[in-house]
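Asker: So the chains spell out like this:
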Amino acid sequence: MKGTLLAIILFVLTAIFLVIGYVSPIPSAVYFAGGKNLLQTPSTPEAAAGNIAYLIKVHRWEDAYNRLANKAQFSEGAFVRDVTGRYLSLRSFATLNKFDVTPLHESANNAEVLLHLHWSTVVGTFNSTRDVHLIKDGNSWKVDWPLFQEPHVPPQVIPMTYLRWTVIQPDSGDDWGAQNVAPPQVRIVDMRPVSRASGVVILGEMINQDVVPAWVSVRATLMGKNNSVIASAGSFDMISHKLLPKQVTPFMIRFPHVDLSQVTSVQMKPLAVLVQASASPVVEIVNQQFHPGANANLTGQLMNQSGEIVNFTHVLSTFYDKNGQVVWVAGEYVSRALLPGTPIDFNIPVPEDLAKQINSERTIVSTYSTGSPL
Amino acid sequence: MRLGSAIVLMGTLIVASGISRAQNIQLPQKVEAGKAFSIPTSGSGSATLYVVGPGQAIKREVSLGTPVSIPSGVLYAAGEYVVVLVKGSSRRTSTLQVVAQNQPDKLAFLAAPSRLPVDQQQGISGTVYVFDVYRNLITAPLPISFQLTDGSGSKQQTVTSSNGVAWTSMNSSGKEGNATFVASAGSVSIRRVIDEVPGEPCSLSISAHPAGKVLHLQTAPVVDCTGNPVPDGTIVTFTEKAGDSISTVDVPVKKGIASIDMPAVNGATFSVASGTMIGNEIRWGGR
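Protein chains in written order, with this note's numbering: chain P, -8 to 365; chain A, 14 to 300.
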């Protein structure tokens, strides 16, 4: 009897849920069911811009392109390259996580909105904002897509005369005692633990004192009372791992949920390994400007002075107080490839509470090139 | 093969456990590794001879009353051996010292570091282990010669080995380049190469020349404190300060100098640094 009652209850509940799902489906369910109702009627500029962003998010490039008011001015391929990057870069592997639209201005037939795109990548998130113009066409709005004209490197042959180091290690056939190649000499020249709301942060700088390139990393261990280990962590990507001779890199190691008052000492362990490396590319960091106050940040441009395309660029800045002590270390991955002689903007946010202590900064870049421009 | 040796070894150990009940065998006090020698026996009939030591075990059927001959090259691993002669239930045991030959045949030479800055006091160390032809460590004292030849000439030291090891330390020269570090014992020698590299840049200075809308900045030849040019690839950082705006670029030294083109902004100051060395500052134009 009880089993029959339970079966009836389950049947009734299932029927109720089916009706609810049919009458008021959640948007993602509609999409995965093949429906297109996730797109809004473009009766407002916000809805029209949101539709384009949504279609970008789900990689429905053709649909997005066909909804643009100015599609006659460029091809669908150009539109895709604008969003994902013409050359292999962080954008090539990014996923549009979310977006939002901020209306700026609206008249009877024209509107301006800011389209904020929040991207996810394996190295974190990056944001891009497009100032989008919309045109009213009958009862609906259409986006006049602001195509980003990514510079194009014309076909050419660029001579490369950079330095390169190779390493020959002893092989297994050598006798015991055969000469090895000494690892590079690196030194931590500055280290400072900082207490933040999120926990303890270890800031510092490391120099390659040697005449050979080094792959470097640094690990910190926080020690508490009675020499007990509180936590141990490495710098991960908040360091420039490839250090050429006499090059200096900042580093930052985070210890979330650790109170600095518990820490009695910090053990630092730098690691340096000989690696094959080249001295190319040379990237100039121009027009660096620190903007204190609300939303403090460091802005500037990167200029690739070499002849090769740099696919991935990580900008790292060290901020110092008036005594030259490290106050903060921050970084940003550049989402687009760095083309020879073409400046690209960067923007590194700085915590507001630290901004007023900052007197100077030093910025470096670490790069990765696939070697063959796509 | 290994299994056979293990069985022989185990059997010998069992036999050797009764050593207190046995008589000694007359053996030479020391035998040089690899040299022929004989073990005298007394009595009559046949017996079994076991010679067990570090890394080697020998079993021979022998006729008592005639010396047992061990030919050259058979017992070659240095160390203390147990010799057991077994006949029926009786056994005789003794010990035999096999020592390394006094003639060096191979050297293991640990020279460190492979690379060091010029002018380092006692910066180069060399350690030699001396072995005979059978790879036995020769523990008898032997004169070992160390010779370091570099840009400033040749230095030599002779050290007597102790327990098979000899070591020394030497200064690096003031001139960069490859140094040859040779260790010799008797007629055997072994060679290592030590890379003596320039030290820290000693002074840095830049000059600026206009080239259109940019300034061509160039360092004077970058040298260390003993005048050696720093290696190509050494990073030199150029900084331009124009008002609140800063531009920096890390440039590798090429052919002794580092150069870069930077925007020619009137009133801008340019500075240069390499590692912890800071160079001069120049001001371009005026406001």
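None of these hints come from the bench; they were simulated from the model. Where is the CB? At the ideal position from N, CA and C, for every residue including glycine. Heads up, some of the hints might be wrong.
Listed below are the simulated DMTMM-like cross-link pairs for lysine to aspartate or glutamate, each with C-alpha atoms no more than 25 Å apart in a straight line [unchecked claim]:
| # | chain 1 | residue 1 | chain 2 | residue 2 |
| --- | --- | --- | --- | --- |
| 1 | P | 233 | A | 237 |
| 2 | A | 254 | P | 91 |
| 3 | A | 254 | P | 162 |
| 4 | P | 233 | A | 257 |
| 5 | P | 127 | P | 103 |
| 6 | A | 119 | P | 166 |
| 7 | P | 313 | A | 245 |
| 8 | P | 313 | A | 257 |
| 9 | P | 233 | A | 208 |
| 10 | A | 267 | A | 213 |
| 11 | P | 347 | A | 257 |
| 12 | A | 254 | P | 122 |
| 13 | P | 89 | P | 73 |
| 14 | P | 233 | A | 93 |
| 15 | P | 260 | A | 213 |
| 16 | A | 72 | A | 93 |
| 17 | A | 226 | P | 162 |
| 18 | A | 119 | P | 343 |
Distance ranges between label pairs, derived from CB positions [as the list claims (entries may be wrong)]:
| # | chain 1 | residue 1 | chain 2 | residue 2 | range |
| --- | --- | --- | --- | --- | --- |
| 19 | A | 191 | P | 267 | 17 to 23 Å |
| 20 | P | 258 | A | 296 | 42 to 48 Å |
| 21 | A | 193 | P | 148 | 17 to 23 Å |
Asker: Would you mind marking each hint as holding or not holding in the structure?
Answerer: Against the structure, the hints come out as follows:
Proposed proximity of residue 233(P) and residue 237(A) is supported: the alpha carbons are some 24 Å apart, at most 25 Å. Between residue 254(A) and residue 91(P) the alpha-carbon distance is near 38 Å, which puts this suggested pair outside the 25 Å criterion. At most 25 Å may separate the alpha-carbon atoms for a hinted pair to count; residue 254(A) and residue 162(P) exceed this at roughly 50 Å. For the proposed pair residue 233(P) and residue 257(A), the alpha carbon gap of about 30 Å is over 25 Å, so the pair is violated.
For the hint pairing residue 127(P) with residue 103(P), the CA-to-CA distance comes to about 11 Å; that is within 25 Å, so the pair holds. A C-alpha spacing of about 11 Å is found between residue 119(A) and residue 166(P), which places the hinted pair at or below 25 Å, so the restraint holds. Between residue 313(P) and residue 245(A), the direct Cα distance comes to roughly 34 Å. Violation of the 25 Å bound is thereby established for this hinted pair. Taking the CA atoms of residue 313(P) and residue 257(A), the gap is near 16 Å; set against the 25 Å cutoff, the hint holds.
Restraint check: the Cα-Cα separation between residue 233(P) and residue 208(A) comes to about 22 Å, which is no more than 25 Å; the hinted pair holds. Between residue 267(A) and residue 213(A), the direct Cα distance comes to roughly 16 Å. Compliance with the 25 Å bound is thereby established for this hinted pair. With a C-alpha separation of about 15 Å, the suggested pairing of residue 347(P) with residue 257(A) holds against the 25 Å cut-off. A threshold of 25 Å between alpha carbons decides the hint, and for residue 254(A) with residue 122(P) the separation of about 32 Å lies outside it, so the pair is violated.
For the suggested pair residue 89(P) and residue 73(P), the alpha carbons sit about 18 Å apart, so the restraint of at most 25 Å is met. Distance restraint check for residue 233(P) and residue 93(A): the Cα-Cα separation of roughly 54 Å exceeds the 25 Å cut-off, and the hinted pair is therefore not satisfied. For the suggested pair residue 260(P) and residue 213(A), the alpha carbons sit about 23 Å apart, so the restraint of at most 25 Å is met. Annotation: proposed proximity of residue 72(A) to residue 93(A) holds, straight-line Cα distance about 16 Å (limit 25 Å).
Using a Cα cut-off of 25 Å, the hinted pair residue 226(A) and residue 162(P) is violated, with the two alpha carbons roughly 53 Å apart. Proximity of residue 119(A) to residue 343(P) is assessed by CA-CA distance (about 67 Å); at most 25 Å being required, the pair is judged violated. Between residue 191(A) and residue 267(P) the CB atoms are about 21 Å apart, so this pair conforms to the stated range of 17 to 23 Å. For residue 258(P) and residue 296(A), the hinted distance range of 42 to 48 Å is satisfied, since their beta carbons lie about 45 Å from each other.
A beta carbon spacing of about 43 Å between residue 193(A) and residue 148(P) contradicts the range 17 to 23 Å that was offered as a hint.
Consistency note: the structure conflicts with the earlier hints numbered 2, 3, 4, 7, 12, 14, 17, 18 and 21.
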